[in-house]
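All chains, please: the whole structure from these sequences, using the hints.
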Amino acid sequence: MEPSTLIVMIGLFLAAGVRLSIPIILAALGETYAESSGVMNLAMEGLMEIAALMSFVTVFATNSMGLGVLASILVGGAVGLIVAFLTVTLRLNQIFTGLTLWIFGVGISVFIYKGLFEVTTMTHLAVSMPILTVPYLSQIPIIGPMFFSHDLMVYLGLFLVVVLWLILYKTPIGLKIRAIGERPKVADTLGVNVWRIRYLCLMISGMLGGLGGAYVSLVMLGFYYTHVWKGIVAGRGWIAIIVTNFGNWNPWRVFLGALLIGCVDAFQYRLQTMRLGLPTYFFLMLPYLVAMLLMFVARRKFPESLGKPYRREE
Amino acid sequence: MAKLPSLSSLSWIFFIPIGFIAVAALLSLSGINPFKVYEAIFIYSLTRSEGIAAVYLKLSPVLLCALAFLVAYKIGFFNIGGEGQLFIGSIFAAWVGIFIKGLPPVIHIPLTLGAGFVGGALWGTIAALAKVKLNVNEVLLTLLMNFVGQNIALFLLFGPLQTGSMKGLPYTDTIQPSAFLPRIYGRIHSGFILVIFVVLLLYTVMSRTSFGYKVRCIGKSYKAARYAGISTDKMLILVVGISAGLAGLAGAIEVTGVHGFTFDQITRGFGYQGTITALLSNLNFLIVIPASFLVSLLLAAGESVKIIAGAPEETSHLLLSFVLLGMLAYFYIRERGMR
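Top to bottom, those sequences are chains H and V.
So the first sequence is numbered by the working numbering: it starts at 1 and just counts up by one.
So the second sequence is numbered by the working numbering: it starts at 1 and just counts up by one.
Watch out, some of these pointers could steer you wrong.
[Unchecked claim] Straight-line distance between alpha carbons at most 30 Å, and here's what the computed DSS-like set of lysine-lysine pairs gives:
#: 1; chain 1: H; residue 1: 114; chain 2: V; residue 2: 36
#: 2; chain 1: H; residue 1: 230; chain 2: V; residue 2: 306
#: 3; chain 1: V; residue 1: 306; chain 2: V; residue 2: 74
#: 4; chain 1: H; residue 1: 230; chain 2: V; residue 2: 101
#: 5; chain 1: V; residue 1: 306; chain 2: V; residue 2: 36
#: 6; chain 1: H; residue 1: 301; chain 2: V; residue 2: 220
#: 7; chain 1: H; residue 1: 301; chain 2: H; residue 2: 114
#: 8; chain 1: H; residue 1: 185; chain 2: V; residue 2: 223
#: 9; chain 1: V; residue 1: 133; chain 2: V; residue 2: 167
#: 10; chain 1: V; residue 1: 167; chain 2: V; residue 2: 101
#: 11; chain 1: V; residue 1: 133; chain 2: V; residue 2: 220
#: 12; chain 1: V; residue 1: 214; chain 2: V; residue 2: 74
#: 13; chain 1: H; residue 1: 301; chain 2: V; residue 2: 223
#: 14; chain 1: V; residue 1: 220; chain 2: V; residue 2: 74
#: 15; chain 1: H; residue 1: 170; chain 2: H; residue 2: 308
#: 16; chain 1: V; residue 1: 133; chain 2: H; residue 2: 308
#: 17; chain 1: V; residue 1: 234; chain 2: V; residue 2: 133
#: 18; chain 1: V; residue 1: 223; chain 2: V; residue 2: 234
#: 19; chain 1: V; residue 1: 133; chain 2: V; residue 2: 214
#: 20; chain 1: V; residue 1: 306; chain 2: H; residue 2: 114
#: 21; chain 1: V; residue 1: 167; chain 2: H; residue 2: 308
#: 22; chain 1: V; residue 1: 234; chain 2: H; residue 2: 308
#: 23; chain 1: H; residue 1: 308; chain 2: V; residue 2: 306
#: 24; chain 1: V; residue 1: 101; chain 2: H; residue 2: 308
#: 25; chain 1: V; residue 1: 220; chain 2: H; residue 2: 185
#: 26; chain 1: H; residue 1: 176; chain 2: H; residue 2: 308
#: 27; chain 1: V; residue 1: 58; chain 2: V; residue 2: 167
#: 28; chain 1: V; residue 1: 74; chain 2: H; residue 2: 230
#: 29; chain 1: H; residue 1: 301; chain 2: V; residue 2: 133
#: 30; chain 1: H; residue 1: 176; chain 2: H; residue 2: 301
#: 31; chain 1: H; residue 1: 114; chain 2: V; residue 2: 58
#: 32; chain 1: H; residue 1: 308; chain 2: V; residue 2: 220
#: 33; chain 1: H; residue 1: 301; chain 2: V; residue 2: 234
#: 34; chain 1: H; residue 1: 230; chain 2: V; residue 2: 167
#: 35; chain 1: H; residue 1: 114; chain 2: H; residue 2: 185
#: 36; chain 1: V; residue 1: 74; chain 2: H; residue 2: 301
#: 37; chain 1: V; residue 1: 74; chain 2: V; residue 2: 167
#: 38; chain 1: V; residue 1: 74; chain 2: V; residue 2: 234
#: 39; chain 1: V; residue 1: 101; chain 2: V; residue 2: 133
#: 40; chain 1: V; residue 1: 223; chain 2: V; residue 2: 133
Don't read these hints as lab results, they were simulated from the structure.
Set out below in structure tokens:
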């Protein structure tokens, strides 16, 4: 194989890796905000499932990708607020709440889909997300296809990595978020409104998760089908939570973790087409297996008050 | 602890109708008569032999998977991995059922069921080991292991468990006749008797033996139990292994009692439904029996809901999730009441 063809192939492979990692990146950024403020948003998978469906329905009805993305943000944000109400205001157990809302998300999206479309097979979209190839930059070998030749949502995702990192680590509000994740009492004493910031973070987390769900249904698939327990999100919400932990709640490292999973996913698709004589299932398993390994190597320096509801002693 | 649940501890039951009322409102909004739906679920399923058989067939796997969550929960471990454990268990059971020949049923049936138990237990032990050695979050790990386990099981399913006619289809060969659970009537197999026995055994062990006492100690406080001289890590691995084995046993009962083989759709969400059931039972070993009956009833009614009331089959899933939300309300009030 000639070196130039190899470079093109590597570029295309990494580009696929970036695309496949986008839903995980978006959801993991959301989870980073929720967990940095001290609340574990275990509803992520169910939330993505609802947002994936609602954005799909919106695009199906209006043929407008923009409205679909907007719908996913609104739906995700609304579910984020529900999580906040249950875990911050009512101080319910975050694991029970997350699991319940996950099951709720999977159940209600299948119900709505069946109710609206009255079919059991796939439904396809008529429009697709606009693609923007950045002039000149996209010609750079490897880097070009990897970062400068994608649909608009990929750019949004990459842009958000930078912005959300800046906010979380370089601004006063970011400091407040991290402070209430570590020592809510101290932050409260200094006049930070713990509840308001946790609500805000969970809403952001929901919106980003919603975007991730929308990317799965609108861009990656372009169609919708029902798979009662796996859903179309297929565990990406759970993987996002793992990636968040692996990335030490730092958007850059979270991005790298998600990119790794995306590349493994792209790799297994390549392997599937190579006719190695192994069943497909062996390859389908790889992203989940790598996520498991990430769990084992992740540092376990959690935000100190993660999972603990905050209450002022009267 | 050994007492039967008192009346005040049963107050959570009043929170179950909340889910039904909410779903009724939702159904009316989408133009479906909720009374017809509930009629289909509660009357149609329970008055016709077909309906009763459908409910019965769900009962064993749902109950065992609920126990798989519950037993591990008592030691402070969230086992959401029932789905993968059940599937791996069914593969082990199918292997023993297909390849061991010439045994009398008295030996072959327990051997096959035991193989299922061992399969699930082995898979679950990995998660327990990772929890003990690396302190990973077991909720996420067991969930991920569902995806990995299902793919491993499918990988094995397409291997030597298939001969000739089944090649390429996601089904294994049929097990030997000597490995089938005896049938009581029609499709109703004798597996549920075993399951009830398992529930009572677990309840007794957990509430009346020093082993159960240790488990509850560890569940209350891992550190305190360790200071008290209980070998917490060993206990955790053992108990989580047993709980995962129960999900594997569910897989084995599906193979030997219902299908006679294992296939790609054998789990159909039983692992997750078990988790729901355990939460609905308010994490109580005896209430888990009626709770799994309710869940099985809702799940089995999918078809009749569609035919009689014209509602999607998944109405039952919606009901389950709303009933769970109602339980959250109960948890809230209980927590506040205790303060």
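Results of checking the hints against the structure:
no., hint, result
1, H:114 x V:36, "18 Å, holds"
2, H:230 x V:306, "22 Å, holds"
3, V:306 x V:74, "38 Å, violated"
4, H:230 x V:101, "37 Å, violated"
5, V:306 x V:36, "10 Å, holds"
6, H:301 x V:220, "23 Å, holds"
7, H:301 x H:114, "43 Å, violated"
8, H:185 x V:223, "25 Å, holds"
9, V:133 x V:167, "41 Å, violated"
10, V:167 x V:101, "21 Å, holds"
11, V:133 x V:220, "20 Å, holds"
12, V:214 x V:74, "10 Å, holds"
13, H:301 x V:223, "19 Å, holds"
14, V:220 x V:74, "8 Å, holds"
15, H:170 x H:308, "26 Å, holds"
16, V:133 x H:308, "24 Å, holds"
17, V:234 x V:133, "11 Å, holds"
18, V:223 x V:234, "14 Å, holds"
19, V:133 x V:214, "20 Å, holds"
20, V:306 x H:114, "11 Å, holds"
21, V:167 x H:308, "52 Å, violated"
22, V:234 x H:308, "28 Å, holds"
23, H:308 x V:306, "43 Å, violated"
24, V:101 x H:308, "55 Å, violated"
25, V:220 x H:185, "26 Å, holds"
26, H:176 x H:308, "17 Å, holds"
27, V:58 x V:167, "28 Å, holds"
28, V:74 x H:230, "27 Å, holds"
29, H:301 x V:133, "16 Å, holds"
30, H:176 x H:301, "19 Å, holds"
31, H:114 x V:58, "23 Å, holds"
32, H:308 x V:220, "17 Å, holds"
33, H:301 x V:234, "25 Å, holds"
34, H:230 x V:167, "26 Å, holds"
35, H:114 x H:185, "47 Å, violated"
36, V:74 x H:301, "26 Å, holds"
37, V:74 x V:167, "43 Å, violated"
38, V:74 x V:234, "15 Å, holds"
39, V:101 x V:133, "40 Å, violated"
40, V:223 x V:133, "15 Å, holds"
The structure shown violates the earlier hints numbered 3, 4, 7, 9, 21, 23, 24, 35, 37 and 39.
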